[in-house]
Structure formats: structure tokens, C-alpha cells
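So the chains spell out like this:
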Amino acid sequence: DIQMTQSPSSLSASVGDRVTITCRASQSVRTYLNWYQQKPGRAPKLLIYAASSLQSGVPSRFSGSGSGTDFTLTISSLQPEDFATYYCQQSSDALVYNFGQGTKLEIK
Amino acid sequence: QITLKESGPTLVKPTQTLTLTCTFSGFSLTTTGVGVGWIRQPPGRALEWLAHIYWNDDRYYSPSLKSRLTITKDTSKNQVVLTMTNLDPVDTATYYCAHLNGNMYHSFDHWGQGALVTVSP
Numbered sequence: 520d521i522q523m524t525q526s527p528s529s530l531s532a533s534v535g536d537r538v539t540i541t542c543r544a545s546q547s548v549r550t551y552l553n554w555y556q557q558k559p560g561r562a563p564k565l566l567i568y569a570a571s572s573l574q575s576g577v578p579s580r581f582s583g584s585g586s587g588t589d590f591t592l593t594i595s596s597l598q599p600e601d602f603a604t605y606y607c608q609q610s611s612d613a614l615v616y617n618f619g620q621g622t623k624l625e626i627k
Numbered sequence: 436q437i438t439l440k441e442s443g444p445t446l447v448k449p450t451q452t453l454t455l456t457c458t459f460s461g462f463s464l465t466t467t468g469v470g471v472g473w474i475r476q477p478p479g480r481a482l483e484w485l486a487h488i489y490w491n492d493d494r495y496y497s498p499s500l501k502s503r504l505t506i507t508k509d510t511s512k513n514q515v516v517l518t519m520t521n522l523d524p525v526d527t528a529t530y531y532c533a534h535l536n537g538n539m540y541h542s543f544d545h546w547g548q549g550a551l552v553t554v555s556p
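Protein chains in written order, with the numbering used here: chain A, 520 to 627; chain B, 436 to 556.
Just so you know, the hints here were simulated from the structure itself, not pulled from any lab data.
These figures come from a predicted structure and were not determined experimentally.
Honestly, I wouldn't trust all of these hints.
Pairwise CB distance ranges, derived in the manner of DEER restraints [said to hold, decoys possible]:
1. B:Ser-511 <-> A:Ser-596: 44 to 54 Å
2. A:Gly-560 <-> B:Gln-451: 21 to 31 Å
3. B:Ile-437 <-> A:Ser-586: 23 to 33 Å
4. B:Thr-454 <-> A:Ala-613: 23 to 33 Å
5. A:Ser-531 <-> B:Thr-467: 17 to 27 Å
6. A:Thr-524 <-> B:Gly-537: 35 to 45 Å
7. A:Pro-559 <-> B:Gly-461: 24 to 34 Å
8. B:Ser-511 <-> A:Thr-541: 12 to 22 Å
Glycine is no exception: its CB is placed at the ideal position from the N, C-alpha and C atoms.
Chain A with its partners taken away, still in its complex shape (with noise of 0.2 Å):
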């Protein structure tokens, strides 16, 4: 199986800051990958896919970036509204789609 591995773990940041998430494949997935952002009891909403491009409707301070093995999502400047858990998924082995363990972003 692929795994998927994200860092931080957690991470605080304030309003306005860049902010950079990492994901790393234990194999190559090309660029199969795609981010999803959960906020507290709600379900994952899709921000990226195929790495890089950014689903409808989500706010371009969000990038993807990669392929192959690493992997970053960036939030170019954080607003009160991107506080939440980032989740990475690999799309590339198509017998197993699985999840990165998550990135918490709290306020600092």
C-alpha cells in the first residue's frame, strides 16, 4: 500500500500569515492527490485535485503544488474562515485510496 504522510501534525498560524502543508508519498502517485479541509463536525470539503487545481468555488489564496512524491498545499495570506484539519489523499493506486493523517491549523 501507498502511505501518506503529512506534516506538520499541527500548526498554529494568525490571520494573514502563509501557511504550507506537506505531503509526502511513499511512492510515487504521479499527481493523483488531492486536499480536502474539515472543520469541526462537519464533512471534508474538497479544495484540490490532480495535485494542483482548485476545485470550483474554493477561494484562490489556495494552491497545490507537486507530483511524484511530495506534495504542499499553501494558503497564501489565512483568514478567520481557514481554521480547520487538511487532509491529503492519493487517487493514484487504484485498489486503495488512502487518507494522510491530517494537519490541525489553530489560531496562534
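Assemble chain B onto chain A, guided by the hints.
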């Protein structure tokens, strides 16, 4: 507009079988590239992919749970059913179903609200 909703028991006893139904609208599971997946989340923990099924009836399961899971679809009812056998308290979680978009790099682009299932004697 795509919507999904999970339904099933909220409380299950250990060793019992759990049957969850995902009822959806706004898409068809006969459309090429479309699928429905199940993902769960134990309280305070990370998302865990369980299984998914595609329009062509291809089915995929988490290797660690494969022996306990069955996923099926009923296209006439717009439903996908997940069955999990031999429940244990560690299976206590919120269970989500989600629309799987094969044309968007197999991402889960629409999610149900989730259903909390507690496993307890």
C-alpha cells in the same frame, strides 16, 4: 445539485453486522467515471477510506478491512450499501459516503453529512 445522505443504525452491539445505506441524487451510477465511496472517522481521529464502487461495478476495499466489508449498488434506487461484519468498539466512528469523480482524478467531490455509529454492548 449532487446530494448524498447516509442512513443506518446509530448503536450496534459487538459482533453484530452493520448495514449502512447511502442514498444520493443529482447523478447516476450508470454514468462512466462515476463512483461512490465510504470513508469513516473515529472520534477525534483521521479519515479512513473503507471502500468504493464504480459505475461498471468494480469494487475496491481497504486491505485491512477487506474480509469484513461488502459494497453494493442499486442504480434503480440511487443507493449504495456498505455492510461491515463482526463489529467491535474500535469501529465506533462517523461514516461518510461521498461521490467519487473519476474525471477529476478520482477525488471525492461531494460528501454526505455523515452518520455516527457507536459500537457498544
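Results of checking the hints against the structure:
no. : hint                                : verdict
1   : B:Ser-511 <-> A:Ser-596: 44 to 54 Å : holds (48 Å)
2   : A:Gly-560 <-> B:Gln-451: 21 to 31 Å : holds (27 Å)
3   : B:Ile-437 <-> A:Ser-586: 23 to 33 Å : holds (29 Å)
4   : B:Thr-454 <-> A:Ala-613: 23 to 33 Å : holds (26 Å)
5   : A:Ser-531 <-> B:Thr-467: 17 to 27 Å : violated (45 Å)
6   : A:Thr-524 <-> B:Gly-537: 35 to 45 Å : violated (26 Å)
7   : A:Pro-559 <-> B:Gly-461: 24 to 34 Å : holds (26 Å)
8   : B:Ser-511 <-> A:Thr-541: 12 to 22 Å : violated (45 Å)
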